[in-house]
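Enquirer: Line by line, the protein sequences give chains A and B. Per full-length UniProt numbering, the very first residue in the first sequence carries number 1; after that it's consecutive. Per full-length UniProt numbering, the very first residue in the second sequence carries number 1; after that it's consecutive.
Since the hints were derived computationally from the structure, they do not count as laboratory data. Careful, some of the hints might be misleading.
A few chain A residues that don't get close to chain B, going by computed Cβ distances all over 12 Å [what the hints assert, rightly or not]:
#, residue
1, R12
2, F90
3, R107
4, Y197
5, E244
6, L254
7, I281
8, R310
9, E363
10, G374
11, A388
12, I447
In silico lysine to aspartate or glutamate, EDC-like type, Cα no more than 20 Å apart, as pairs [unchecked claim]:
#, chain 1, residue 1, chain 2, residue 2
13, B, K307, B, E331
14, A, K307, B, E445
15, A, K4, B, E331
16, A, K4, B, D142
17, B, K4, A, E445
18, B, K172, B, D142
19, B, K4, A, E443
20, B, K307, A, E14
21, B, K4, A, E103
22, A, K4, A, E14
23, A, K4, B, E208
Don't be surprised by glycine CBs; every beta carbon is placed ideally from N, CA and C.
Number of protein chains: 2
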Amino acid sequence: MSSKVSPSRPLRRESVESWHLETDVLIVGLGAAGASAAITARDAGAEVVVVEAASAGGGTTALAGGQIYFGGGTPTQKACGIEDRLEDMFQYLMLASGPSADEARVREYVDNNLAHFDWLVEQGLEFKPEYVKAKLNNTHGDEGLIYSGNETCYPYDEQARPAPRGHKGKAKGEGGGALLMDTLIASAERKGAWVLYEARALTSIVDEQGRVVGLVVRIDGEERCIHARGGVVLCAGGFIMNREMLAQHAPRLLLSNFPLGNPNDTGMGIRIGQGAGGCAINMHEGFVSLPFYPPSCMVEGILVNGKGQRVVAEDVYHGRLGEEMFAAPDEKFYMVIDSRNFEAMEKPPLGGYSVAAVGETIEELEAELALPPGMLAHTLAFFNEHAAAGQDPLFHKRPPYLKPLDQPPYAAFDFSMGGGAWFPAFTFGGLDTSLDGEVLNAEGEAIAGLFAAGRTTCGLPRWGAGYASGMSIGDATYFGRKAGAAAAGC
Amino acid sequence: MSSKVSPSRPLRRESVESWHLETDVLIVGLGAAGASAAITARDAGAEVVVVEAASAGGGTTALAGGQIYFGGGTPTQKACGIEDRLEDMFQYLMLASGPSADEARVREYVDNNLAHFDWLVEQGLEFKPEYVKAKLNNTHGDEGLIYSGNETCYPYDEQARPAPRGHKGKAKGEGGGALLMDTLIASAERKGAWVLYEARALTSIVDEQGRVVGLVVRIDGEERCIHARGGVVLCAGGFIMNREMLAQHAPRLLLSNFPLGNPNDTGMGIRIGQGAGGCAINMHEGFVSLPFYPPSCMVEGILVNGKGQRVVAEDVYHGRLGEEMFAAPDEKFYMVIDSRNFEAMEKPPLGGYSVAAVGETIEELEAELALPPGMLAHTLAFFNEHAAAGQDPLFHKRPPYLKPLDQPPYAAFDFSMGGGAWFPAFTFGGLDTSLDGEVLNAEGEAIAGLFAAGRTTCGLPRWGAGYASGMSIGDATYFGRKAGAAAAGC
Chain A
1 MSSKVSPSRP LRRESVESWH LETDVLIVGL GAAGASAAIT ARDAGAEVVV VEAASAGGGT
61 TALAGGQIYF GGGTPTQKAC GIEDRLEDMF QYLMLASGPS ADEARVREYV DNNLAHFDWL
121 VEQGLEFKPE YVKAKLNNTH GDEGLIYSGN ETCYPYDEQA RPAPRGHKGK AKGEGGGALL
181 MDTLIASAER KGAWVLYEAR ALTSIVDEQG RVVGLVVRID GEERCIHARG GVVLCAGGFI
241 MNREMLAQHA PRLLLSNFPL GNPNDTGMGI RIGQGAGGCA INMHEGFVSL PFYPPSCMVE
301 GILVNGKGQR VVAEDVYHGR LGEEMFAAPD EKFYMVIDSR NFEAMEKPPL GGYSVAAVGE
361 TIEELEAELA LPPGMLAHTL AFFNEHAAAG QDPLFHKRPP YLKPLDQPPY AAFDFSMGGG
421 AWFPAFTFGG LDTSLDGEVL NAEGEAIAGL FAAGRTTCGL PRWGAGYASG MSIGDATYFG
481 RKAGAAAAGC
Chain B
1 MSSKVSPSRP LRRESVESWH LETDVLIVGL GAAGASAAIT ARDAGAEVVV VEAASAGGGT
61 TALAGGQIYF GGGTPTQKAC GIEDRLEDMF QYLMLASGPS ADEARVREYV DNNLAHFDWL
121 VEQGLEFKPE YVKAKLNNTH GDEGLIYSGN ETCYPYDEQA RPAPRGHKGK AKGEGGGALL
181 MDTLIASAER KGAWVLYEAR ALTSIVDEQG RVVGLVVRID GEERCIHARG GVVLCAGGFI
241 MNREMLAQHA PRLLLSNFPL GNPNDTGMGI RIGQGAGGCA INMHEGFVSL PFYPPSCMVE
301 GILVNGKGQR VVAEDVYHGR LGEEMFAAPD EKFYMVIDSR NFEAMEKPPL GGYSVAAVGE
361 TIEELEAELA LPPGMLAHTL AFFNEHAAAG QDPLFHKRPP YLKPLDQPPY AAFDFSMGGG
421 AWFPAFTFGG LDTSLDGEVL NAEGEAIAGL FAAGRTTCGL PRWGAGYASG MSIGDATYFG
481 RKAGAAAAGC
């Protein structure tokens with residue numbers, strides 16, 4: 001075999017000298033999508049081999065907080081006394097998908113999400129039916145339900161009745177992703193999926209008709225050919241760790257100083273899929289964030305730019321707020337609070353931001369921050385006047401976080417890029433797929449034998465400005481199942 | 001031959017029954033890139049066939065104003081007494097390329113742009129050495145030189161010494177592109193390039209090693225195979241006319257109500273290239289604009305959003321200003337002028353915008369526009385106070401357009417999307433190529449036999465927020481020559 005195997009150049013089947021292994025379904029990656037695909041393919045009676053580049057499974061999901069976006073009346077919502085309707089969840093996810101919305105995909109996910117919740121429970125995942133109302137990225141304990149997006153914010157709340165839909169398995173704090181992956185991997189192993197660790201997929205193997213019939217995989221330092229009679233399923237994550245791909249496709253994500261991913265999120269699944277004729281779409285989009293809460297009290301501040309202008313409703317999801325900074329990386333941004341919330345200066349908050357200035361008066365703060373004289377004072381006066389009346393005519397920030405900042409002294413946190421704060425990011429772009437997980441070429445035609453799911457695809461999450469936590473894992477597990485079933489011939 | 005020819009599925013050479021034609025260099029598209037490639041390949045002694053889908057050549061360039069970005073001391077600049085240095089042009093183009101900058105490509109273009117100017121003159125293009133200083137999209141007469149970008153604006157002017165670099169061939173008004181194409185096509189024909197009109201390229205033909213050896217082309221309703229011994233050069237334009245591709249790759253460009261292109265800008269060159277293994281990059285980016293000048297006097301206004309906040313230095317290039325609207329399509333935007341420039345209400349300006357309100361005072365205007373009370377008045381007062389001192393602390397708008405708006409009554413033009421103004425757009429994304437025009441796969445490897453130039457590639461223009469008129473045609477003609485030479489084996 002050529003020593004220059006490249007994902008961009010599939011191996012022709014006639015060049016394969018011998019098969020190292022043969023199976024029905026060959027899955028690349030044992031993260032949320034791959035594990036879900038493996039379980040479903042095994043349930044369908046298929047032989048399943050998973051090749052995982054790392055020495056353990058879990059992927060990026062195992063590193064994540066583990067939110068899963070469910071709604072429309074889940075057992076957890078009902079037990080917490082939360083009313084929700086599938087139609088409101090659908091409306092919300094459509095708004096959250098912005099200009100890149102894929103209506104059929106949103107509909108598919110919403111219509112099947114309650115059954116998918118049950119499926120996860122069948123695999124062994126437990127949800128503690130307790131709702132935490134505070135503005136959080138995740139629950140601190142093992143409670144199962146929070147608001148994980150912009151549902152209560154303008155203009156979403158006017159167009160889709162809000163409900164908390166961020167569900168986490170019963171693990172403390174950020175341990176939800178690890179618990180989910182332990183659960184899924186244990187289920188996949190119980191059902192007889194065979195996992196090869198430290199096995200790196202290198203390129204596809206295609207027959208004369210262009211059908212994908214297997215993969216070249218590096219195992220123990222050797223390039224081996226594995227035959228997939230039914231199909232290959234690419235679940236190898238996104239490309240946030242591949243700076244060259246970011247520069248080519250999503251340059252603004254290079255601004256992130258905190259890539260959210262595992263070291264194998266190098267886009268290899270996408271590149272293998274492209275090599276076999278797949279079309280990668282929406283490659284510029286991603287999740288970008290400034291995780292500025294908790295503490296919840298930070299949300300009571302006003303976010304101003306270096307011109308002293310407010311720029312966003314401060315009660316939005318942290319991803320929506322982070323978008324503002326990513327869109328203007330050379331701009332200064334400050335979160336201004338008054339003395340009522342000075343406790344925020346004592347407890348280091350999640351986002352790692354620092355105090356830029358403190359002032360006895362707003363004029364003093366303005367001077368300390370070197371803002372154009374008069375701008376911040378006017379911005380604050382205008383905000384306070386209306387906030388006292390429960391109004392925010394500029395950005396429609398909502399109670400309970402809408403309060404006049406009228407208790408000097410004032411402080412400002414530096415939210416600028418390069419100012420010390422964390423700016424996490426991961427990619428949304430990937431292979432175009434049918435709702436069954438078939439990889440599509442640029443003409444929308446399915447490539448025989450090739451399937452994909454998770455962040456190797458462009459799935460449910462498509463727009464950073466509208467993202468809600470839980471959309472990625474919901475997408476990866478649900479559409480992972482679909483791809484596994486399709487590869488198994490169901 | 002299969003009746004379902006698809007650009008995503010190259011034809012295998014072994015399936016070709018007979019060649020309809022054989023040539024050295026086969027070029028798709030007779031726009032600026034294709035014509036330049038044809039001339040250069042003929043000069044190198046190669047047989048050249050061009051297949052053009054339309055019934056005449058010219059492509060989108062023939063519809064354009066015809067600006068070409070040249071600098072560093074062109075004959076036109078020198079004759080007009082303009083000093084410029086290659087290094088300033090390089091610095092400027094790097095800034096103008098933003099996060100997607102390709103330094104080697106900018107360097108290549110700048111270092112060779114004076115020789116490229118001479119090459120265009122050799123083909124028969126004439127430049128009238130007259131500089132027009134007004135803020136224009138193009139000269140009204142046949143004068144050859146204007147500022148065509150953000151060179152004099154903050155922060156560019158501080159980092160690269162400004163010079164006008166927008167060159168137009170000696171044609172009146174918007175006729176520069178047509179003149180350029182007439183000139184290039186006449187030269188190509190004189191040199192013996194053979195053009196097949198109404199001939200539509202459908203997919204590539206590849207041999208066992210993946211080398212591109214020709215194209216399937218629809219001619220007189222029949223699918224014909226054309227053999228290219230040296231190489232195929234894809235110069236088929238961008239994809240602004242393909243709404244499905246825009247949705248997949250550049251959804252914000254769907255907001256444009258004025259696609260700048262010809263009907264064949266459907267991305268066919270990109271899709272044929274992808275089908276042969278090429279990687280399309282930077283697909284989300286494009287030129288977007290609100291052509292709000294001329295009249296120049298409009299630049300003296302202040303642009304505010306629906307919150308009454310200023311958002312940009314109003315003396316920027318129209319593309320930079322248009323970016324603000326494309327980034328916030330649901331936001332309102334108004335250009336506020338005072339009575340000194342009311343003449344702008346009489347002469348219908350280029351951008352097609354309408355008068356949203358007139359007010360005897362700024363407060364009356366604010367009320368007419370239903371802006372949050374007090375915001376616009378403060379914005380204007382702050383602007384006027386500093387403008388009177390020649391300062392714009394917020395956005396650094398420069399003289400000569402920085403003047404207090406202190407002569408009521410006031411008027412506001414509606415610059416919002418959906419408010420009647422034109423929002424032109426075209427695409428920047430396309431095939432990744434080497435500086436010689438070789439099409440590259442996702443691993444950066446050249447695909448043998450396949451070349452591309454112009455908007456089928458991701459070339460010199462890569463960032464809408466920094467674009468200057470003339471970058472596209474400069475890129476298409478220069479790198480078209482490179483691709484033609486490479487395909488001819490030079």
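Enquirer: Please go over all the hints and tell whether each is borne out by the structure.
Expert: Status of each hint after checking the structure:
Here R12 (chain A) does not stay apart from chain B, with its beta-carbon only about 8 Å from theirs, under the 12 Å limit. Distance check on F90 (chain A): its Cβ is at least 20 Å (rounded) from any Cβ of chain B, clearing the 12 Å threshold; non-interface status holds. With a minimum CB-CB distance of about 17 Å to chain B, R107 (chain A) clears the 12 Å threshold, and the non-interface call stands. Against chain B, the non-interface label of Y197 (chain A) holds: every CB pair exceeds 12 Å, the least being about 25 Å.
Its closest Cβ contact with chain B, about 8 Å, brings E244 (chain A) to no more than 12 Å, contrary to its assignment away from the interface. With a least CB separation of 7 Å from chain B, L254 (chain A) falls inside the 12 Å interface cut-off, contrary to its annotation. A beta-carbon of chain B is positioned within 12 Å of the beta-carbon of I281 (chain A); the least distance is around 4 Å. Consistency note on R310 (chain A): stated as away from chain B, yet its beta-carbon is not over 12 Å from all of that chain's, at 8 Å minimum.
E363 (chain A), annotated as away from the interface, keeps every beta carbon of chain B farther than 12 Å; the closest lies near 15 Å. Annotated as non-interface, G374 (chain A) brings its C-beta within 12 Å of a C-beta of chain B; the closest such distance is 6 Å. With a closest Cβ-Cβ approach of about 15 Å to chain B, A388 (chain A) is found to remain outside the 12 Å limit, as its non-interface label requires. Distance check on I447 (chain A): its Cβ comes as close as 9 Å (rounded) to a Cβ of chain B, failing to clear the 12 Å threshold; non-interface status is violated.
With a C-alpha separation of about 9 Å, the suggested pairing of K307 (chain B) with E331 (chain B) holds against the 20 Å cut-off. A C-alpha spacing of about 46 Å is found between K307 (chain A) and E445 (chain B), which places the hinted pair above 20 Å, so the restraint is violated. About 52 Å separates the Cα atoms of K4 (chain A) and E331 (chain B), which puts this hinted pair outside 20 Å; it is violated. Between K4 (chain A) and D142 (chain B) the CA atoms are separated by roughly 55 Å; this puts the pair beyond 20 Å, and the hint is violated.
A C-alpha spacing of about 11 Å is found between K4 (chain B) and E445 (chain A), which places the hinted pair at or below 20 Å, so the restraint holds. Proximity of K172 (chain B) to D142 (chain B) is assessed by CA-CA distance (about 4 Å); at most 20 Å being required, the pair is judged to hold. Using a Cα cut-off of 20 Å, the hinted pair K4 (chain B) and E443 (chain A) holds, with the two alpha carbons roughly 11 Å apart. For a cut-off of 20 Å, the pair hint linking K307 (chain B) to E14 (chain A) is broken: about 65 Å separates their Cα positions.
Between K4 (chain B) and E103 (chain A) the CA atoms are separated by roughly 28 Å; this puts the pair beyond 20 Å, and the hint is violated. Restraint check for K4 (chain A) and E14 (chain A): satisfied, since their Cα atoms lie roughly 17 Å apart, inside the 20 Å limit. Between K4 (chain A) and E208 (chain B) the alpha-carbon distance is near 16 Å, which keeps this suggested pair within the 20 Å criterion.
The structure shown violates the earlier hints numbered 1, 5, 6, 7, 8, 10, 12, 14, 15, 16, 20, 21.
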